[in-house]
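Participant: Make the full structure from the sequences, and use the hints.
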Amino acid sequence: MNKKQKPADNTYMPDEATFKSRLQSRHLWGNVWRTFFILSIVVAILALIVLFTNVINSAFGTIATTFEIEPETLAGEGRTLSDLTEEELVAILVEREPNRLPVVVRNNFNNVPDEEFTESTLAQVAPNGSYPDGFENATINEIRDGENTAEVLGEFLQLNLPKGNIINIVEEDIVALQVLDAWSLWDAITNFEPTAAEQERLDELPVEIEALETQLADVETQIADKEADIQTLRDESATDNADAIRSTNAEISELQEQSSDLLSQIDDLNDELTLLISSNITTSVERDFGDAENPVEIVRYHSWLSTEFLQTPMSSVPAQAGIRTALYGSIIMMVIVILVSLPVGVAAAIYLEEYARDNVLSRFPLVNINKIIETNVRNLAGVPSIIYGMLGLAIFVRMLAPFTSGVVFGINVNPPPTNRIVNLMEELTNLELDLELDENYNITAYTGPEWLSEDDAQRVVTLFRRYGTPSVTNRGNVPLERIESDIANILGIRIRNQVPANADELDYSRVASGFVELSTLPAGMTIEQFESLGQQLRRVSGFTLSGRTVLSAALTLSLLILPVIIINAQEALRAVPNALREASYGLGATKWQTIWKTILPAAVPGIMTGTILAVSRAVGETAPLIVVGASTFLLTDPNGPFSQFTALPIQVYQWTARPQGQFQFIAAAAIIVLLTMVLVLNAVAIIIRSRFDNRY
Amino acid sequence: MPDTNGVQRESLIDKALNRKIVDPNAPVNLKKSTRFNENAIQVFLLFCGLLSILTTIGILYVLVSESVGFFTRDLWEQTNKPIAVSIDAEQTVFSARSAGRELETGERIRIQEEEMILEEYIANEIEIEITGTGAGFERFCNGEIDINDASRSISDDELAICRANNIEPVEFQIGTDAIAVVINAENDFATDLTLEELQMVFSGAEVWSDIRPEFPNQRIMRFIPGTDSGTFDTFVEVVFDGDDSPILGADATAISSQDLVTSEDDDQLVRGIGDNAYAVGFFGYSYYLDNADTLSAMTIDGVEPSITSVEDGTYLLGRPLFVYTSEEILRDKPQIASFISYYLTHVGSVIEAVGYFPASDDILNASKQALIEVANIEATTDDNGNVVLDPVNVPEISGNMHIAGSSTVFPITDRIADDFVAEGYMPVLTVIRGVNGTFPEEHSAGATIEIGDRVSLFEFFTGTEWQPAIRDFGIFPLVYGTLATSFIAMLVALPLGMGAAIYLSEYAPENVRNTVKPILEILAGIPTVVYGYFALTFMTPLLQAIFGDVVQIYNSTSAGIVVGILIIPMVSSMSEDALSAVPRGLREASYGLGATKLETTFKVIIPAALSGIMAAFIIAVSRAIGETMIVAIAAGAGPQNDIPSLLANRGPGILFEPAETMTGHIARISGGDLSYNSIDYNSIFAIGLLLFVITFALNLINNAIIERFREAY
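Protein sequences appear in the order of chains A and B.
Under the working numbering, think of the first position of the first sequence as 1, with each following residue one higher.
Under the working numbering, think of the first position of the second sequence as 1, with each following residue one higher.
It is worth saying that the hints were derived from the structure and are not from the lab.
No experiment lies behind these values; they were computed from the predicted model shown.
One thing to keep in mind: the hints can contain errors.
As the list claims (entries may be wrong) - With a straight-line cut-off of 20 Å between C-alpha atoms, the simulated EDC-like cross-links for lysine to aspartate or glutamate are:
id: 1; chain 1: A; residue 1: K371; chain 2: B; residue 2: E707
id: 2; chain 1: A; residue 1: K597; chain 2: B; residue 2: E599
id: 3; chain 1: A; residue 1: K163; chain 2: A; residue 2: E87
id: 4; chain 1: A; residue 1: K226; chain 2: A; residue 2: E210
id: 5; chain 1: A; residue 1: K226; chain 2: A; residue 2: E257
id: 6; chain 1: A; residue 1: K226; chain 2: A; residue 2: D240
id: 7; chain 1: A; residue 1: K591; chain 2: B; residue 2: E38
id: 8; chain 1: B; residue 1: K333; chain 2: B; residue 2: E125
id: 9; chain 1: A; residue 1: K20; chain 2: B; residue 2: E599
id: 10; chain 1: B; residue 1: K333; chain 2: B; residue 2: D312
id: 11; chain 1: A; residue 1: K163; chain 2: A; residue 2: E88
id: 12; chain 1: B; residue 1: K333; chain 2: B; residue 2: E168
Facilitator: Quick look at the structure:
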């Protein structure tokens with residue numbers, strides 16, 4: 001085809017052949033691109049499928065387990081451990097491991113430091129718990145010295161631990177179930193047992209190897225013989241037998257070649273054997289754990305996801321780990337998130353849609369607040385979630401710690417044991433305190449240091465009890481320097497020489513982050529000193545204010561999804577036809593009546609859809625929770641907004657980041673739970689949307 | 001009146017039944033009763049709206065305030081400069097040993113947790129340079145140095161220069177040195193020469209046999225001190241009557257340059273002579289003593305250099321040693337006067353150890369007398385009639401000293417300076433104590449001084465290493481990690497997302513679209529941590545299977561690809577919205593002109609929807625940059641500090657290496673046991689601020705685009 005110059009005028013038309021061939025190529029390109037477009041979609045869908053397959057592949061599979069005692073022997077014929085009652089489980093513990101119970105108690109209740117454990121009473125070990133009759137105030141040591149140690153502690157465990165934990169303890173300490181190795185579902189299906197051909201080969205190989213080894217031994221004997229021959233020849237006369245030696249040497253090198261040939265054959269066969277064994281589950285288990293003391297059991301189709309997985313708390317052993325605490329954490333958070341963000345979000349949306357069009361605030365041309373709010377909401381929706389986490393960390397966790405930790409509401413305040421308070425006060429005053437407290441922390445006998453009156457001592461005790469932080473009140477009859485130096489000596493606080501002239505005017509509410517109630521401060525003490533004192537004491541008394549609670553996390557997530565809810569709610573409100581508004585106004589309703597009685601009900605499905613989608617996003621959010629400080633290992637269930645928390649996605653992250661292979665499997669199981677939650681929420685949203693779509 | 005009765009009865013009944021009496025004629029104010037409520041509600045709603053602004057302000061406040069903390073936080077760095085004596089809590093002046101980094105006035109320092117501000121810092125250093133006597137005088141006469149170590153007296157020329165600069169030199173003789181003429185230890189012929197023969201050796205003679213016929217016919221190699229040195233001057237003075245042309249001159253009698261090595265460094269001379277059996281040279285007697293194993297000194301006219309022969313003048317090559325300072329300096333710088341006083345008092349005990357000969361009492365007395373005359377220094381006379389200068393209270397002295405001059409005198413001066421420092425001449429710190437709420441406390445001698453260093457904005461933005469452990473805070477490695485993963489994510493998400501959008505909007509039949517869109521929504525709704533799991537357990541092994549071992553377990557590519565997959569639904573749904581918004585008319589017009597579907601799409605619809613597509617892309621980039629969990633799990637747990645060398649060695653393979661991103665770093669640091677009072681805590685907020693600024697800027701651009709092109713059709 002000749003190349004044709006395009007003429008200057010517009011009358012040019014290609015001849016038919018050119019036109020057709022061009023048309024063909026145009027359509028060809030059209031089809032090529034069309035394929036690409038379809039491919040794009042296919043890739044996206046494929047990714048989704050592969051993702052699900054990958055998770056399922058890991059969440060189910062084969063495990064090889066072993067245990068010291070079969071659960072069935074413990075539980076009785078035909079029953080599993082979870083069929084037993086708590087009493088029966090504890091009875092097993094008491095019977096089999098009576099000496100381990102104190103350790104079990106210590107590991108499951110971490111309210112007191114380990115070194116103080118034996119000195120602590122049960123009431124201190126588990127505050128708010130229930131105790132075996134008459135043992136509430138018995139220390140662990142006393143119980144241990146008593147007669148029925150195991151029974152008492154067993155009863156204590158039974159009263160205070162959920163069944164899941166007790167099953168865990170039984171499994172860990174008595175059954176000692178151990179997952180030796182685990183394989184994915186794909187392996188379980190395809191590589192469980194050797195196929196017939198493989199099995200044949202497996203049987204053959206050792207025979208072949210043995211045959212070759214016999215040959216090898218034979219060849220090596222021959223070589224040794226020949227070498228001996230040479231030696232004999234040499235000994236006779238090296239020169240006379242030169243020819244003979246040479247020929248024997250040649251024979252030897254031939255034999256050596258044979259032997260190395262044989263060796264490489266044996267190596268190859270060995271490699272093949274190893275590969276065959278490793279590529280099948282049963283054979284590799286036989287090889288790796290065949291000599292184990294306890295019987296090894298292979299469960300071909302094991303589901304890492306099980307009701308037990310949902311019911312048990314965390315564990316450092318993958319096979320015993322569960323997601324109960326994480327699930328609770330996620331659910332509590334979800335509830336708080338909805339409670340906080342739904343009303344606020346809808347309110348903001350109503351304002352923006354119904355009021356912001358023409359009110360006073362939009363009449364300032366330069367600072368149109370309504371416009372700013374609108375833009376701001378849109379921008380906030382694009383802020384990375386981890387930034388919200390940092391906001392939560394600085395504001396909710398740190399700045400508002402008194403609120404988010406619950407201390408302001410009197411929650412989460414664990415009073416230190418009475419003997420510790422006395423110790424602490426002695427430490428503070430550097431004096432022998434003659435102070436006795438009853439169980440309600442009231443002073444029953446006091447002959448303490450002169451300068452601290454009994455009333456003040458009582459106040460200190462009360463404060464200790466409430467916040468773990470004391471105050472010191474100077475009655476003026478002890479030289480100031482004495483108090484200062486005593487405190488300074490004990491706590492290593494350095495007293496500054498110059499005292500600010502206006503020391504009395506300082507804002508004492510700031511003292512020790514606002515948690516020391518003081519009427520007077522020892523004159524001459526600076527606020528910094530006292531703050532530092534407060535911190536020292538707080539450390540000594542073991543009380544720390546932690547805002548890393550469910551509430552902080554939930555508030556952070558609420559802020560995170562607020563823009564999404566606002567935008568969705570705005571759209572839902574916008575979709576309500578104006579006719580409804582006008583009809584309502586026409587009936588004489590006020591603006592708010594119109595909104596409340598007419599528009600909102602009409603927009604509810606849309607708002608619901610948006611909210612559910614936003615909440616499903618919140619449920620899956622991980623990054624902000626990490627920053628806000630989710631616990632990574634939590635044995636006790638969160639019991640309200642002020643408890644430490646962990647959440648499902650945090651669990652997934654933790655387990656995924658662990659190097660041990662088995663954690664990948666439980667991570668996959670947790671992912672299935674998480675995805676189920678998210679997808680169910682999404683499905684609900686989609687159903688609501690489609691049911692109420694196009695009502696108007 | 002029955003009517004009245006009726007009304008009365010009604011009202012009575014009302015009363016009896018406790019009915020409320022309503023006056024039908026009374027005016028009803030419907031509005032008034034509700035208005036307050038309505039307004040209150042509106043205010044409440046407005047407040048909820050303002051909460052979003054409050055959130056933004058909160059984010060900005062938190063990020064900025066903690067970042068300020070990051071850049072103003074002191075990172076204490078040791079100076080190796082310990083305090084000299086123990087100081088009690090009230091002292092505000094103390095001295096420090098002088099090793100380590102210099103301090104500056106106004107700097108914040110810390111000793112054992114106590115912070116203080118340096119009100120004044122006096123370095124108090126003795127700087128001693130070896131320049132040679134001549135060069136030393138040159139600088140001395142220019143007023144550049146305080147003391148000149150001289151191995152000869154000042155010449156008339158030099159004196160004239162000094163005086164021209166209003167400097168009146170004061171001379172203190174401190175001892176005597178002898179010049180040793182040195183030969184290789186193997187040289188057994190030229191052990192004794194006359195002065196004439198010495199002249200021949202250091203002038204025109206080429207071979208040893210020129211000196212005496214019985215000497216071997218070997219070239220004479222000469223190693224002599226530099227012409228700036230006092231040793232050279234003295235040698236020329238004694239041997240050639242002050243005329244250096246036989247050695248240096250260009251005439252026939254001079255030494256050819258190939259046989260002559262001059263060096264200011266005496267060690268070089270020692271080495272040269274030690275290596276060459278026919279070499280000869282001269283330098284200070286002390287240097288000869290230090291190297292007597294490889295060298296031997298020749299006798300001159302049969303006189304061996306020794307204390308006695310130098311003292312009585314029989315050894316010709318003896319010379320006096322001086323230190324010079326000026327009247328002006330002695331007056332203006334009391335530390336110099338004190339130092340000279342200390343020098344003259346202690347030189348006797350030092351000089352012999354160095355290898356020189358002490359000055360006689362008379363000479364020393366004369367020197368001390370000279371000092372007493374010029375400087376305001378008290379003295380007494382002891383039983384032997386010698387002058388005894390009052391002891392110097394060294395720790396009270398402050399001010400720097402600059403000494404230069406002869407390498408011969410240097411060892412004496414150096415030792416005396418060391419003793420001077422040991423007696424307490426050290427940097428002096430005047431401080432304001434107890435800064436930042438720390439309390440003045442007693443510090444024991446030897447406690448090190450730390451200097452407060454801060455992360456500068458410059459370092460933050462230009463540094464190439466992020467290693468908090470060693471206080472390196474350059475953001476580049478983290479930004480690189482973010483860019484690498486985002487770039488790969490864009491490579492995946494933009495074409496595929498666009499492709500999907502075009503398919504859904506232009507090609508897909510209605511029922512396909514209805515099936516595919518929810519699937520994409522599901523893809524968008526999956527928590528990112530699940531994608532992270534996917535990247536680590538599927539994508540990375542897949543890449544390893546394709547590319548082999550070069551792919552690390554944690555790498556940017558795998559994380560980037562999965563971030564891309566995560567973003568596909570977003571790109572496609574936003575782009576599709578933009579494409580669908582293009583009016584049908586445009587399509588039909590294009591078809592009418594005979595364009596194929598592809599041509600219509602590329603040439604008409606995409607240009608028409610460009611703003612929406614741009615917005616989608618920008619949002620996608622912003623999302624990729626802000627994505628955390630995928631990169632935290634799959635991109636590696638440590639900033640890639642090795643970028644230049646990796647890039648050089650591996651090229652694009654660097655994308656298979658681990659590289660932590662900004663978000664990943666924040667997540668990792670805050671996931672650990674983070675102390676609120678640490679630089680790590682502050683640093684994540686600085687990173688967060690940068691991240692926020694980037695994403696916020698992208699969002700603003702996006703908003704601007706949408707705003708601008710919204711009404712296009």
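Participant: Hint by hint, say whether it matches the structure.
Facilitator: Hints, one by one, checked against the model:
| no. | hint | verdict |
| --- | --- | --- |
| 1 | A:K371 with B:E707 | holds, 12 Å |
| 2 | A:K597 with B:E599 | violated, 52 Å |
| 3 | A:K163 with A:E87 | holds, 10 Å |
| 4 | A:K226 with A:E210 | violated, 24 Å |
| 5 | A:K226 with A:E257 | holds, 14 Å |
| 6 | A:K226 with A:D240 | holds, 18 Å |
| 7 | A:K591 with B:E38 | holds, 8 Å |
| 8 | B:K333 with B:E125 | holds, 14 Å |
| 9 | A:K20 with B:E599 | holds, 17 Å |
| 10 | B:K333 with B:D312 | violated, 37 Å |
| 11 | A:K163 with A:E88 | holds, 11 Å |
| 12 | B:K333 with B:E168 | holds, 15 Å |
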